[in-house]
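K.L.:
Each chain is listed here by its residues.
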Amino acid sequence: MFQESELINLCVSLITLVIVVSAIRRHEIPGFAWFYAGFCCIFAAAVFTLIEGVLWNELFNTLEHISYGLGGVSFAAGCLEIAVKQQKRQGREAQ
Amino acid sequence: MNLIAFFDLIAAAGFGAAVLIVIFFVSRDYFHFQSRVLLLLSLSVCLLVSISNVLEHAGITEYFDPFEDYLEILFTPFFLFFLFSVHAKLNHDQRLTAEAALRSALEKAEAEHSKLEAILAAIGDGISIQDRNFKVLYQNKVQKEMAGDHVGKFCYEAYEQRSEPCRGCPVEASFFDSRVHKAERSATRGNDTQYVEITASPIINHKGEVYAGIEVVRDVTNRKRMTEEILKAQKLESIGLLAGGIAHDFNNLLAAILGNISLAKTYAASDSKVMAKLEAAEKASLRGRELTKQLLTFSKGGTPVKKVMNINRLVRESSIFSLPGAGVKCIFALSDGLWPVEVDASQLSQVVNNLVINAGQAMPEGGLIHVSTENIMLSPGNSTFLAPGKYVCIGFTDQGQGIGAGHLSRIFDPFYSTKTGGTGLGLATAFSIIKNHGGHITVKSSPGAGAKFQIYLPAVEKGIEPTPAKDDELFTGQGRILFMDDDAAVRILAQDMLQHLGYKIVLANNGMEAVNIYKAAMEENNPFDAVILDLEVPSGMGGSEAGKKILTINPAAKILVSSGYSNESVMANLGKYGFVGIIPKPYKIQELSRKLHDYLGNPLPKR
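Chains A and B, in that order, are what the protein sequence lines are.
Numbers 1 to 95, taken from the working numbering, label the letters of the first sequence in order.
Numbers 1 to 607, taken from the working numbering, label the letters of the second sequence in order.
It is worth saying that the hints were derived from the structure and are not from the lab.
If you're wondering where the values come from, they're calculated on a predicted model, not measured in any experiment.
C-beta: ideal position from N, C-alpha, C; glycine also.
Among the hints, erroneous ones may be present.
[As the list claims (entries may be wrong)] Restricting the straight-line Cα-Cα distance to at most 25 Å, the calculated cross-link-like pairs of lysine to aspartate or glutamate (DMTMM-like) are:
| # | chain 1 | residue 1 | chain 2 | residue 2 |
| --- | --- | --- | --- | --- |
| 1 | B | LYS153 | B | GLU209 |
| 2 | A | LYS88 | B | GLU145 |
| 3 | B | LYS135 | B | GLU157 |
| 4 | B | LYS504 | B | GLU461 |
| 5 | B | LYS89 | A | GLU28 |
| 6 | B | LYS277 | B | ASP496 |
| 7 | A | LYS85 | B | ASP529 |
| 8 | B | LYS141 | B | GLU99 |
| 9 | B | LYS306 | B | GLU279 |
| 10 | B | LYS224 | B | ASP336 |
| 11 | A | LYS88 | B | ASP93 |
| 12 | B | LYS452 | B | ASP336 |
| 13 | B | LYS89 | A | GLU93 |
| 14 | B | LYS115 | B | ASP93 |
| 15 | A | LYS85 | B | ASP29 |
| 16 | B | LYS89 | A | GLU81 |
| 17 | B | LYS576 | B | GLU524 |
[Said to hold, decoys possible] If you want a taste of the chain B side facing chain A, the calculated C-beta under 8 Å gives, among others:
| # | residue |
| --- | --- |
| 18 | PHE75 |
| 19 | THR76 |
| 20 | PHE79 |
| 21 | MET541 |
[Stated by the list, open to error] To give a feel for the contact side, a few chain A residues facing chain B, derived at Cβ under 10 Å:
| # | residue |
| --- | --- |
| 22 | ASN9 |
| 23 | ALA46 |
| 24 | ARG92 |
| 25 | GLN95 |
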């Protein structure tokens, strides 16, 4: 059924999700859309991990890994965006 | 490779790429150290999980699978702390930016305030701001110097020592109708009255409501005094014109009377009754001459014939001479090393006479007149309105009953007198004489406290000129004299006088005739030894123009001018016009004889 670590992970992720959603709604950190998306993917993976133990194991396991893959891509995109922004800012400052 | 392993590979590649980008391309400027560490930890956890998944689903090893779940748990707190860290950094940066902006705004405001304060101080007017309750909110430096520091107090209490706003307050009026209002106020401190002009304007807020008022206070005492001086000068000028016109005609009549008397005296025996009557008539004529002289001096024609001198002796002698009688004495405090001044001695003597006589009359029971002379340096903006520089100040202070404020302002007006039988010309003439000398005369007095007159005369750097000795002898002479005057009585008198003195005389009644006679005489090789020309000829060529023409005919001609006026600049600048001397009208035969002896007997003065 459910593994203890998966339940703890979900609980912590849920609390974090609330904070993240609140931050998104209040636009507290601008330019963090990719990071939020990446976190949501990781959170989705945690949820799918939990569900795959009781229901349609194959499907949710696949969804879990897809979510993880999308999470990786999102974080990479987020970091890339920051690097590009930083380059532009340095270029502007140099001028 | 199965589908799950493929997505795990993508995840590992994504997280791996993210880690590399953060390490190599994201600098500390963007994320500070803690944020970067936390982000790297989050990404590293995910990278390890992904690698473990790849290894597992690619069928390589399941060794790392048990650690996966624990690693996954770590990701969320790391990511959460990363968010907090970034958020804290953002807040910190925003606060720093806001603080910098605030500091910059404060510095700008300080600079603006200093600039405004400097401008307000440079204006030279007192500026204050008052709220709707007349409480002083602000005073500039000048206002504080004028009225003291009263910020926070009610203006009517602070400035006027009142318990309620002043009547006719311009600030109150501007509160009422939101317009600019002006008012003038005066304040007396001791003997000095200060006049101020107040301009009040409302300060209106964005709702259109007046919430305060600006009061600009300008000291207009000097402006007011200057206006009074100008009015006084204009009044003197217009009355002077009238008086001068009358005096000129009267002077010609006196010339004939006095001349004839002095001539008649030479015919009469010294101990006869006729001589006594002639002397009485001469005395009366001389008094008339003095009055005419006063009028002429006071009028526009009174240009002084100046000499550089130390005036101490003149002041002392004239003061003693003018003392009205017993009981009144002069105490002198005459400065040693007094700077020389350029004055007409007889005119200054007249001024001293007038002031000492007035002082004596102010003390019918007797008293002391303090007469002083001193050197004074006047600074710019002094109360006399004279140009800054070196001046000699003559002071006359009496112990009389003083002069009331009502009389004080009119004391120099011509024909204004509070004395029975006074002509009202004494002080007006004194004022006119001193003005014509480029000086100024002031008076300070209050009832019961005596009066103090002060005369300021500009000092000069020139050397003192020697004073010729008086001589009443009759000098006879020889030679031909051409005499020009438009008045027949004066001509006949001059003919009699000059013939009596031994001269041959030819008469002309205007300048043109004189020039023609002189020219004809030169052509006949029978030149005149001297020419006497009247300056004022209303109906023909005057003496100054005739003299100029004669000098073109004979540059060595000895020309003397005669006039009742100390006319314009001619009498004061004889050398410039080419004339050798002057004979002021009316004159006695002794004066005429001496002048002719001096000028015909001596070499020509330098032209």
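K.L.:
Given the hinted pair B:LYS504 and B:GLU461, is their alpha-carbon gap at most 25 Å?
P.N.:
44 Å, violated
K.L.:
Given A:ALA46 as an interface hint, is the shortest Cβ-Cβ distance to chain B below 10 Å?
P.N.:
7 Å, holds
K.L.:
For the hint on A:ASN9, does the least C-beta distance to chain B fall short of 10 Å?
P.N.:
Because about 5 Å separates A:ASN9 from the closest Cβ in chain B, which is inside the 10 Å limit, the hint holds.
K.L.:
Has the given pair, A:LYS88 with B:ASP93, been kept, meaning a C-alpha gap of at most 25 Å?
P.N.:
With a Cα-Cα distance of about 19 Å, the restraint between A:LYS88 and B:ASP93 holds, given a limit of 25 Å.
K.L.:
Regarding the hint that A:GLN95 lies at the interface with chain B, is the smallest CB-CB distance below 10 Å?
P.N.:
This interface hint is violated because 17 Å lies over the 10 Å limit.
K.L.:
With the threshold set at 25 Å, check whether the alpha-carbon distance from B:LYS89 to A:GLU93 stays at or below it.
P.N.:
21 Å, holds
K.L.:
Hint check: B:LYS452 vs B:ASP336, CA-CA at most 25 Å. Holds or violated?
P.N.:
22 Å, holds
K.L.:
Tell me if B:THR76 is really an interface residue toward chain A, meaning its C-beta lies closer than 8 Å to one of theirs.
P.N.:
Since the shortest Cβ distance to chain A is 5 Å, the answer is holds.
K.L.:
With 8 Å as the cut and Cβ atoms as the points, is B:PHE79 at the interface with chain A?
P.N.:
6 Å, holds
K.L.:
If you draw a straight line from the CA of A:LYS88 to the CA of B:GLU145, is it 25 Å or shorter?
P.N.:
59 Å, violated
K.L.:
Between B:LYS153 and B:GLU209, is the straight-line Cα distance small enough, at 25 Å or below?
P.N.:
23 Å, holds
K.L.:
Sort out whether A:GLU81 lies within 25 Å of B:LYS89, counting only the CA atoms.
P.N.:
Roughly 19 Å between the alpha carbons, so the hint for B:LYS89 and A:GLU81 holds.
Of the numbered hints stated above, those contradicted by the structure are hints 2, 4, 7, 8, 9, 10, 14, 17, 21, 24 and 25, listed in ascending order.
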